[in-house]
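There are 2 protein chains.
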Amino acid sequence: MRTPICDRLGIEFPIFAFSHCRDVVAAVSRAGGFGVLGALAFNAEELEVELSWIDDHVDGKPYGVDIVMPNAYMGKGEGLTREKISGLVPPEYRTFVDGVLAEYGVPPLPDEAEDGRDIKAAGLAVDLEGPGQVEVALKHPTRMLVNALGPPPKEVVDRAHEHGILVGALVGSPRHAVKQVEQGVDIIVAQGTEAGGHTGEIATMVLIPDVVDAVGPDVPVLAAGGIGSGRQMAAALALGAQGAWTGSIWLTVAEADTNPVVVDNLLRAGSRDTVRSRSMTGKPARLLRNAWTDAWERPDAPKTLPMPLQGVVWAEAARRFTRAGTPELNGFPVGQIVGRMNARRPAGEVVHGLVEEWIATTQRLSGLIED
Amino acid sequence: MRTPICDRLGIEFPIFAFSHCRDVVAAVSRAGGFGVLGALAFNAEELEVELSWIDDHVDGKPYGVDIVMPNAYMGKGEGLTREKISGLVPPEYRTFVDGVLAEYGVPPLPDEAEDGRDIKAAGLAVDLEGPGQVEVALKHPTRMLVNALGPPPKEVVDRAHEHGILVGALVGSPRHAVKQVEQGVDIIVAQGTEAGGHTGEIATMVLIPDVVDAVGPDVPVLAAGGIGSGRQMAAALALGAQGAWTGSIWLTVAEADTNPVVVDNLLRAGSRDTVRSRSMTGKPARLLRNAWTDAWERPDAPKTLPMPLQGVVWAEAARRFTRAGTPELNGFPVGQIVGRMNARRPAGEVVHGLVEEWIATTQRLSGLIED
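Which chain is which? The protein sequence lines are E and U, in order. Mapping the first sequence onto the UniProt record's numbering, position 142 (from 1) lands on 142, and the numbers just tick up by one. Mapping the second sequence onto the UniProt record's numbering, position 45 (from 1) lands on 45, and the numbers just tick up by one.
Think of the hints as simulated: they come from the structure by calculation, not from any bench. Treat each hint with caution, since some may be false.
[Stated by the list, open to error] The calculated label-pair distances, taken between Cβ atoms and stated as ranges, are: (1) E:D59 <-> U:A360: 34 to 40 Å; (2) E:G270 <-> U:A41: 32 to 38 Å; (3) E:L88 <-> U:D264: 43 to 49 Å; (4) U:E155 <-> E:D213: 46 to 52 Å; (5) U:S86 <-> E:G270: 35 to 41 Å; (6) E:Y104 <-> U:H163: 54 to 60 Å; (7) U:A41 <-> E:A301: 55 to 61 Å; (8) U:P306 <-> E:L109: 42 to 48 Å; (9) E:P91 <-> U:A343: 53 to 59 Å.
We put the CB at the ideal spot given by N, CA and C, even for glycine.
With the hints as extra help, turn the sequences into a complete structure.
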């Protein structure tokens, strides 16, 4: 049960696991899949710590790093500090958010609260962090660099290739896939609307064959969005993908450092409990529906701000409701597959469960040929 | 390449084709699939004509009829006429629509215009037409009755079963699937958000395994939404469906009586050119994005009315813009698969194309087992 991408990356199963948690990345790679560390929350020094830890715990198995570094953003953040960006948020937004948090009894931060490292505004100064992160990743035995929100800078693609590292990119439309390939990207992750996080409107079922046909047979495509069982993995391969890119299902595995309040909310949620919302980052992202996403759909809510300003508004609020542990407000980016996330299991067990059902499904389909 | 549903219905391929056009229904059934006539636009006498025509042109092959007859609506329409319902539309809606049509130079109807039989408000007095349609369908060699928008009345299920006819139902969530089975429905058509027409929010990739697991192994599930190629059909079967329910792809086949202005718009559209909108019927339905759907999203637009009132507003406007042949306003219910509908081909050729690619895909997946 292998596809060509398995040989290119030296992995056993074409299961790609995106996670912000190094323990999950290492566990999936050790189990025969391919863990990809989401580096958005780390600066270069922090990323160095994370990747060194992974190197020590991955038993020499390959892994990747996901760095948000769209070319279109490069240079835009120069001279900007968090304080400067924060000053651009109109005051009525803070009034609105204070009102929402007050409804749920979330207190203001105490003066002595530390600056929360783990809660960063998505899209904030990615151009300042990205290049340093790339240099760190290149020093480690990373096998793939992945980028989202638009083609990466050409220099980064070239630097990766010089190091024998493949470059992947997330897209939500065939047109964007072609643009990525033109920029030198090696692997396309085509992400359907049912996926968690930033996502387009086209469903995985329609998107994958369209992207596969658009980029041609020489570019491997991974399917993302709605994959959390071996049947869905087999479906992804039927659609023409060489593998499955998964994210949501790792949020609730035993190794994940996801906030326990969030984990409880995820384990309870059904497939209808997500919403595509601009309320976290300013761009449409699928999130667990919660009091925060609901609040921004109320008639009295101001229009969400563009990235990165909405992310600043969210991050300021998130420091407060995370600290308070308010269940109603602790949502998270997650796909519709959340309905299948009902138990905490070790990551390796999840990998093997996917593979077993994938094999059984393929055998069932093969059986149709003889009839 | 058969599944158990093929034997139950006496068909060669598990490809179900929903169409309002009798020519398409007969052509698909003759080609080995299963044509299903959408009866919404016909009263009992008209349906008798359509089914007699199909009997004469289907070469004895099985076919089905789709009758919109949700139990929850039964009795609600008693004493209501089109005129009475029409009188319930607030005047500001007609003012708004007149303004939109004027922008595109659509003239008022001339006094001598006939009442348009082919443009009916969806959801209007379905309870008055439904029972008569059922009696007609039972007189013909129909093999399956299908219902949408909620479980059918129990009496209808029993009547169908007395005639040896299977009952199918469209659903968009596992919970609705279970309710349908409890009402005696035999076959579940699980329809993902990427489908055309009335549709829920869960994508096909996530919905099918959830529904299959919810109804258990004894209830066949057909997958709807995003299926227009053999790869997508193989994916549907991988997800656990026994067959593919398709609708959009038949709108542009050579036999279809679809308005040529609409056909041109569909052939040109890409997968991002649909929108889930209440502007046609009052319930969320995926439609080709056009000046009508855009108009109802404008800040000056009134909130769409509930079913069936919005359908009356739409039907009145549709008589005018259909007569005028205004390309900008002639949208249609269609799924995201519209991006793959790029040529007019005979229905039989479409069936055989689906089957060939389905077989090739299954063989490709089988090949993975040996590796």
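Results for each hint:
1. E:D59 <-> U:A360: 34 to 40 Å: holds, 39 Å
2. E:G270 <-> U:A41: 32 to 38 Å: About 35 Å separates the Cβ atoms of G270 of chain E and A41 of chain U, which means 32 to 38 Å holds.
3. E:L88 <-> U:D264: 43 to 49 Å: The hinted range 43 to 49 Å holds for L88 of chain E and D264 of chain U, with Cβ atoms some 46 Å apart.
4. U:E155 <-> E:D213: 46 to 52 Å: With Cβ atoms ~48 Å apart, the hint holds.
5. U:S86 <-> E:G270: 35 to 41 Å: holds, 39 Å
6. E:Y104 <-> U:H163: 54 to 60 Å: holds, 57 Å
7. U:A41 <-> E:A301: 55 to 61 Å: violated, 41 Å
8. U:P306 <-> E:L109: 42 to 48 Å: holds, 45 Å
9. E:P91 <-> U:A343: 53 to 59 Å: Once the Cβ atoms are compared, 56 Å apart, the range 53 to 59 Å for A343 of chain U and P91 of chain E holds.
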